[in-house]
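Asks: Let's have the full structure, built from the sequences with the hints guiding it.
Protein sequence lines correspond, in order, to chains G and R. In this text, residue positions in the first sequence follow this note's numbering: the first is 2, and each later residue adds one. In this text, residue positions in the second sequence follow this note's numbering: the first is 2, and each later residue adds one.
These are computed hints drawn from the structure, not numbers from a lab. Computed from a prediction, not measured in an experiment: that's the story for all the values here. Glycine residues also receive a C-beta, built at the ideal position from the N, C-alpha and C atoms. Just so you know, not all the hints are guaranteed correct.
To be verified - 30 Å max Cα-Cα, derived DSBU-like pairs, lysine-lysine:
#1 78(G) <-> 77(R)
#2 200(R) <-> 51(G)
#3 51(G) <-> 171(R)
#4 77(R) <-> 159(R)
What the hints assert, rightly or not - Sample of chain R residues facing chain G (criterion: CB under 7 Å; computed from the structure):
#5 45
#6 49
#7 53
#8 62
#9 71
#10 73
#11 171
#12 215
#13 218
#14 220
#15 222
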Amino acid sequence: MPASPAETLDRNRELTDLLHACAQGRQTAFQALYRQVSPQLFAVLVRILKRRDLAEDALQDALLSVWRNAGSYSADKGAPMTWLVSICRYRALDMLRREKREVSLDTEREDLDEDGQQPTDGQVVTDAVNVSKAEERKLDECMGKLNHGQQQSIRLAYVEGCTHEEIASRVGSPVGTVKSWVRRGLESLKRCLEAA
Amino acid sequence: MNYSDPRLQNLLAGEYVLGTLRGAARRRCERLMMESEGLASEVGTWEGRFAAWALRLKPVDPPAYLEWRLMGQVRKESQFRGERLRNTFWRTWAVAATVVLAVVIVTQKITPTAEPKAAEFALMSDATGKPLWLISVHPEANRVDMKVVTPNPVPEGKSYELWMIPDGGKPVPLGLMNETGVASETVPPELLARLAGAKALAISLEPRGGSPTGQPTGPVLWVAPLVTS
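Replies: This is the structure:
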């Protein structure tokens, strides 16, 4: 059951209110924000970091920085949820650079749906959707126009936090090929998304 | 590389958001974003486009103790802002109190008693280190003791409620906090068994008489780790 545009707007407004209250130092607002957004953000972090303990640290660090910097949020940073997801992802990517990644990547996989697709029990998620349905459909449509290698590379990079090298070893192609898939893929994607 | 070239800027922004841009190149891009509005807005655009994938992942509940840990930190930071001046005094106090706690623990440990199970302690302090309660768990006596160290008046119409934070799972209520002296709560053995695996105790602000829902409803005021003797 996808969120209607009106629901998405309400949700964005609610999260913006909470961020605004956080900026004024209201701890109860932060707790409410945490309860609303942490399961989705935690899913993103577990997926990239592959280890729950690291994902917990990343979530704590990221949300503490949200608490400290809530006042710096503004509409030009995107929807509130987009902003929060970005803070978490970048925190996770920073951690990956420091932590040597475990080779066994699949310990947590059983909790997760395959390939970032709509979860089968699709409830809570739809609440969190902040990208309008039309834009989302457009992204799927434009992704569909890329070749398989480009699609896979871009997805693995964004959802799993893979480097060029990690993508190359997962799909069994040379690193140079993966690099050009990512570049060409991004260029085609932009062209397609910006076409009317 | 000429970063004002829109094509390059778009690629740089896209790879920054994907995360395939790493190391020094990533840092350089962050630096460039500070001065190039164009690049910063390209990054924002890519973030918005891909966010749909992040939001399609099936949510995963983080463990309950994460909320407590985080709220404890937030509270600490807020208090530090206001109470930096009194800090040094209470820091010294806290060190002394910790030493006393350690001595208590060691003494209990080396004194041979008939009690087979170890006691556990938690020292609840405010953000400045001022100790408020010393809480001890006595499994052999099915009892939790709460000793007031520094009296801390409860706001009108409210109660402080004590919770145990199991390692994973929801907080479990242990009783209301006393305002003076020492109070004891009797705790059923099966709860005490769970307490053995608990990592921390926490106190929240609740309506007078305690949380009506069985879960914390007000802000978490203090969190302290459980130390085994």
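Asks: Work down the list of hints and note, for each, if the structure agrees.
Replies: Hint by hint, here is what the structure shows:
1. 78(G) <-> 77(R): This hinted pair holds, its Cα atoms lying about 28 Å apart.
2. 200(R) <-> 51(G): Holds: residue 200(R) and residue 51(G) sit about 24 Å apart, inside 30 Å.
3. 51(G) <-> 171(R): holds, 24 Å
4. 77(R) <-> 159(R): holds, 21 Å
5. 45: holds, 6 Å
6. 49: holds, 5 Å
7. 53: holds, 5 Å
8. 62: Holds, about 5 Å.
9. 71: holds, 6 Å
10. 73: violated, 10 Å
11. 171: violated, 13 Å
12. 215: Violated, because the Cβ-Cβ distance from residue 215(R) to chain G comes to roughly 16 Å (cut-off 7 Å).
13. 218: violated, 10 Å
14. 220: For residue 220(R), the interface hint holds, since the closest Cβ of chain G sits about 6 Å away, which is under 7 Å.
15. 222: violated, 10 Å
Hints 10, 11, 12, 13, 15 from the earlier list are contradicted by this structure; the remaining hints agree with it.
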